[in-house]
Amino acid sequence: MIKFVVFICGAVVMSFEILGSRVLAPNFGSSVFVWGSLISVFLAGLSAGYYLGGRLADINPSSRKLSLIIIAPGLLFLTFPLYSGPISDWIFMKDLGVRLSPLFASSVLFLIPSVFLGIVSPYTAKLMICSLHTSGKTIGTLYALSTFGSIIGTLITSFYLITLAGVNALIVGQGVLLIALAIPLYFMNLSCSIEHTGPSGLMSDTK
Amino acid sequence: MIRICCLLVLCLALLSLKGFALEPSEKLLFEKNSLYQYIQVIDDTVKKERYVRNQKREFTQGGIYLNAPDKLLFEFTQMGFVSLAFLDRDPKDVLFVGLGAGAMPKYFTGRYPDAVIDIAEIDPDMVTVAQKYFYFKESESMKVHVDDGRLFVKRAKKKYDWIILDAYQNDYIPFHLTTLEFLKEVKSKLKDDGVVVANIASPYRNKFFDSMVMTYEKAFPHLVIFKGKTSANFIFVATTGSKIRDKNSVEARARKIQSARKFDIDLEDIASRYEPSAVYEWRGAKILTDDFAPVNLYQHQKSGAQ
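Line by line, the protein sequences give chains A and B. Heads up: the first sequence at position 165 corresponds to 164 in numbering that gives the first Met the number 0, and the numbers run straight through without jumps. Heads up: the second sequence at position 128 corresponds to 127 in numbering that gives the first Met the number 0, and the numbers run straight through without jumps.
Do not rely on the hints blindly, as some may be mistaken.
To be verified - Examples of chain A residues lying across from chain B (beta carbon under 7 Å, computed): (1) Ser30; (2) Val31; (3) Gly35; (4) Thr162; (5) Val166.
Hints were generated in silico from the structure; no laboratory data involved. Treat the numbers as computed from the prediction; the structure is a model and nothing was measured. Built from N, CA and C at the ideal position, the CB exists for glycine as well.
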């Protein structure tokens with residue numbers, strides 16, 4: 000389950016980034032400044048998320064808290080169409096220049112969700128590490144799953160999803176997906192001591 | 000060690016490859032990976048023509064006859080001028096979105112020296128290329144603004160008589176220059192009875208073409224389409240007035256402009272290809288919006304019509 004969560008969160012981050020370029024273009028164009036802003040804001044969000052996630056993971060980590068961490072960006076995505084238009088229009092009117100306008104807009108629209116999605120990786124690592132002997136393997140697996148999710152998210156979004164539905168519908172869909180994932184997580188109370196005796200056998204090799 | 004050397008040689012060989020192989024008759028004058036595209040300027044020494052293009056031969060953005068740089072080489076640039084026959088007056092304020100080799104504005108300013116022309120072009124290297132290789136010159140009345148076309152239109156303080164939409168990247172129009180919202184912004188920058196003309200390339204009837212017809216129809220009260228004879232281009236002419244000129248009146252007006260402004264292209268012949276947009280309508284096509292505009296994917300899907 001946790002591995003699946005990491006995969007989906009990885010996919011959602013990059014899918015959101017692709018859709019982000021579409022969100023920005025009407026008000027900020029598609030210049031290199033827009034792409035540069037978009038990518039750097041996502042990376043800033045993820046690195047802040049990794050840092051915070053590591054800190055949080057050391058304070059009584061639980062899958063219940065993880066579920067709340069995932070619900071937060073889910074709610075932001077669900078309501079994204081309500082605030083993205085007005086915020087973009089407002090920043091367009093302010094006109095901070097060709098570089099600052101898209102950078103500011105990206106920060107307001109994309110930074111917070113990517114911080115939360117960044118928290119997921121180190122947090123799940125802590126939840127899944129049951130033995131120092133295999134911690135490298137666990138972390139490596141999670142990194143790979145998260146990045147593999149990102150690849151899938153990027154490809155599916157740019158190759159298919161964009162023809163199927165509008166940008167706003169897709170972002171709301173991602174919100175639904177995250178919340179649908181977080182709700183069972185809330186009640187599951189996963190941690191490694193339970194996991195490796197559980198029927199899934201996910202963690203059977205960690206002790 | 001040997002393997003590494005082989006790999007290095009292979010990498011270097013790949014790097015030094017041109018965008019694509021040149022014909023023996025083609026001479027490379029300039030190439031560059033700009034911020035937005037691969038730009039290549041070549042001379043065809045047999046045809047005596049010069050082109051600027053992207054990665055493929057089909058992605059030609061503009062060109063000139065080497066012996067007659069003031070003539071219009073490409074059909075789509077000639078066809079665009081038919082839209083002048085939809086105006087009741089001489090255009091005074093004109094906006095080009097997309098510069099290319101600068102052939103259209105150069106040709107236009109030669110015939111309408113009193114018009115004030117703005118050109119929005121996102122790629123600064125394209126401006127340099129137009130100036131250096133295609134005899135394009137800025138002047139008091141003709142200014143290039145290095146800016147995203149959408150942003151230039153949104154921020155424009157003045158209104159225009161004639162707006163020409165011809166911004167391409169390789170073989171496609173950037174999605175934010177195809178949407179209903181963009182066309183409405185364009186419309187809001189038109190004077191009363193102003194005219195918009197767009198070059199829509201569609202090698203075969205694809206879904207993108209279908210959607211463009213529906214989107215322009217939604218944004219403007221009237222749309223007339225002219226089909227290229229020798230090229231895969233369609234010229235969309237949209238007007239904001241309450242009524243649009245019929246075919247006879249456009250032909251008559253084209254004839255008049257042709258002789259008054261000394262056009263060396265057959266405007267009247269182009270005008271005779273007048274087709275109301277209803278001919279190309281396919282009701283199943285989706286209108287492109289800022290929210291939904293899969294431009295690249297639609298270009299590779301066959302039209303739903305027929």
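Status of the hints after comparison with the structure:
1. Taken as an interface hint, Ser30/A checks out: its beta carbon lies about 5 Å from the nearest beta carbon of chain B, inside 7 Å.
2. Restraint check, Val31/A versus chain B: the minimum CB separation of about 5 Å is within 7 Å; hint holds.
3. Checking Gly35/A against chain B by beta carbon gives a least distance of about 10 Å; that is not within 7 Å, so the hint is violated.
4. Because the smallest distance between the Cβ of Thr162/A and any Cβ of chain B comes to about 4 Å, under 7 Å, the interface hint for this residue holds.
5. Taking 7 Å as the C-beta cut-off, the interface hint given for Val166/A holds, the closest approach to chain B being about 5 Å.
In terms of the numbered hints stated before, the structure departs from hint 3 and from no other.
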